[in-house]
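Engineer: Residue numbers (our numbering), protein chains in the order written: chain A, 1 to 379; chain B, 1 to 435.
What the hints contain is simulated information worked out from the structure, not anything from laboratory work.
By construction, the Cβ of each residue, glycine as well, lies at the ideal position given by its N, Cα and C atoms.
You may find that some hints are simply not true.
Listed next, with one range per pair, are the computed distances between beta-carbon atoms [unchecked claim]:
#	chain 1	residue 1	chain 2	residue 2	range
1	B	Asn434	A	Ile209	43 to 49 Å
2	B	Lys392	A	Ser271	50 to 56 Å
3	B	Ser245	A	Ile209	49 to 55 Å
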Amino acid sequence: MTEFQDSTWKNLLNNFEIGLTKAVEELQKRDVDNIPGAKEALIQRLNNMKLHFPKNEGEIFVKSIDDKIQNSFFPNTKEFVEAFAKILKSRTHEQDFIINELLNGFVTSKAKAIASGTQGPIIDRMVEAFSKRNDFHIVDYQFFAMFGDPNKPRHYVKKQLEELINMFGLISKELVVEKDVRRSEEKIYTFYTFPDEIIKILEEKYLIIDEELGYAYVSESFDRNVFICMFLANIAVNRDNIEKIGGAYTINGISAIFALILLLSFMPKLSVDETSPILNDPNFDKENMSIIPKSWMMKQVLEPLFEPLIKIIAYRLGGGLWFSKVIDSEINKKIHDQIRFLIKDVNKWILGQLCRVEIPIFIEISNIFTEILVGYQEE
Amino acid sequence: MSYKKKSTRTIKPGRKREKWTDIFPRYLTFISHMRPILRETRRIISDLDADLLLDTEILDKIRQEEEKRNIRKVRALSEFSAMYRSNVYEIIKDFIIKYREKIPIIDIKDYIIEFLYESVNALNVLRHITNPDEINLQETYLFILVKFIEEKLFPKGANLKIIYEKLLQHSHEFYECQRHLLQPHTFYREKLESSDFFEIPGMSPRVYQIINNITSLFNLDPNFGEFPEQENYEIPMILKNDVFSPYIDSIANPEEEAIDKLAERIGLRIIDGIFLAPQEDFVDILLANNFLRENKQSDGTIRMYPQFSNETLILYYLAFASQRRGFLSKELINWIAMNFAFLIYMGILKWKLSDENICYSIFKDLQTNEKVLPYLMKLVCFPNYLGLDKMKIRDSVQYRKEIFNFIGSEIDNLKDFIEEIAGFCEKFDKERKNK
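This is chain A alone, in the form it adopts within the complex (with noise of 0.2 Å):
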């Protein structure tokens, strides 16, 4: 336990605890919630938490990030294979928003962001020329030929796959042709695929191996988000080499969308009226979706708790050196307030009330909040 005994932990509790205090009190002054009685289930939510987070250390966070969070999105590991393994694994449809998310998160944080515009529909170029083949390897010839465009040299398709390769972690193999039969010259083929051990991986859902015929072929399950998640083992394993992941907005990027999950997974449940609209609006799917407050989005409520928050997954997901990396500055700010409304289609607005859809890591982590509440109240 000596980790939780140092005095930045500390800190870093009692600043969220402030920040709760500061919420409350803003929370009294406005009152956004058309539902009766959702302020007052806010406010005490609220002062739960005040009650309860800062006990055994903070307890709460610890396993709400360690466990739950790092577990499904961002394992805490050295080992790109287990890490890759981990958030496929946490895959359900609604959490692929959540992952999609994230990346979005970079292409927003960023004006030259690691996945650009133009290469987010690359990723999916991507996936199309792994379907093509029944190798499961892709060739920087077929790439240039999908790709290419013949009014535009070369070395631009070749620059995006090379940084695409990079950023996913995919392996390349050379493959020289004595005499080629167009220009009987000597030509090099480059072919890209998955690590070893990675298709041991897939091999479970998205890619089919026929041994009979020698082919593999993707499922179709191999979707973008494959690479979404080999691109976030990648940053999760390098999460100390703060350049090699792009350095302080990614960081801050990654603790704010977390924090979201977080804050979003703490709101209380509220219950309406049943003549109440909403009821009946077909988007709203009562068994995999509920009510929560809205004003804890409200930007004075939202910015006390949220940037303390977000130095605490820092801290917890990149120890000192990430945290020292989530200052307070105004970018930092702006960033973070550019996250307050991702997430949107598992924090849906339905006739102006904020509905979460109840999917696992929000569920999970609620779960954990009220384990420990009912042992306290227990004790």
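Chain A is already provided as a structure; the job is to place chain B on it using the hints.
Structural biologist: This is chain B only, laid out in the frame that chain A set:
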């Protein structure tokens, strides 16, 4: 003697063949070459003793013999036929090798015949999707399928309100498809503010994010101001600066500069130079659909509270684009036409082919797609169908590549819609036969 090849084109250079009677035969060209190949292959397999199928070399020999019979004079066609035939035989061979130890060869033969039979049927529908003279238009697959998809994703209507409500009616099932239709993957070629004042581009990821921010800000923290067109009424407004303040490094500058145009596309307007508020017409639509709630204030004014859903503004954009479909950007037209063509093509395949049909991969092959879909894209643009500017459908090989590679990124909701289209085809076919 000049060796310069003389052009066989009789039309003026620079003008494309864009009449129905030009495009429809082009659409048919490759389909009418695929069908005989599959029929011949089915006949050959059917006549062949099942035990002979065990020896795959026999299939190779048959294929070689068949290739010799090739009498096509046009190089592109003979190349395509050879490629197509060789794909069909390869797939059959693979199927035999894969299952010969597990399934009796006689059953394998039956399966192959059945798969080929289904594929010929699918090609039959594709071949008779419409007719050269567009006779009995309402009875053709092309017409009814375009209308079926159009009604759900890109409806026509006398006014924006009607279009919006049609979209809303189907949004709980197909909102993701509706949204997808607005998001061309070639968005990076688009300009938000085109020199052509009326042009409507698609929605880039950043524009989508901005619209999402606007929705959230309206729900969370709106200001209220006088409704310019109606006394004693107040409408919700948000500060334009609040929408753009989070962006750094001028990354949202183009969007900020084009905010007037962007706002118009989502039913909003700029008031006093700093506020974003709903336009007069949109207020009616919002009230009718419970996206605005009226509340009488103590001073007698009626304040309209926003209660937007995720789709509120996006569907307006789509309705706006649908109503002004004559002004869509080149990228958006290509994207919409491609999605329609793809849905029609895949819907017919889903209807006719069983899920395990080995020929699916040939139909979904890029080489097959690029022979069928570009012409189908143009056909769906004709006035009786979508009524889009077909001259904007690009013909370059490069561009086709770019568009069709995005088929690989089809979303789950599109797959659900394809299922529904297949069911609709089945129903339509039954009704037609019962007449």
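Engineer: Just tell me: holds or violated, for the beta carbon distance of Ser245/B and Ile209/A against 49 to 55 Å?
Structural biologist: holds (52 Å)
Engineer: Could one say that the CB atoms of Asn434/B and Ile209/A fall in the range 43 to 49 Å?
Structural biologist: holds (47 Å)
Engineer: For the range 50 to 56 Å, tell me whether the beta carbons of Lys392/B and Ser271/A fit it or not.
Structural biologist: Because 52 Å falls inside the window, the suggested range holds.
In summary, this structure violates none of the numbered hints.
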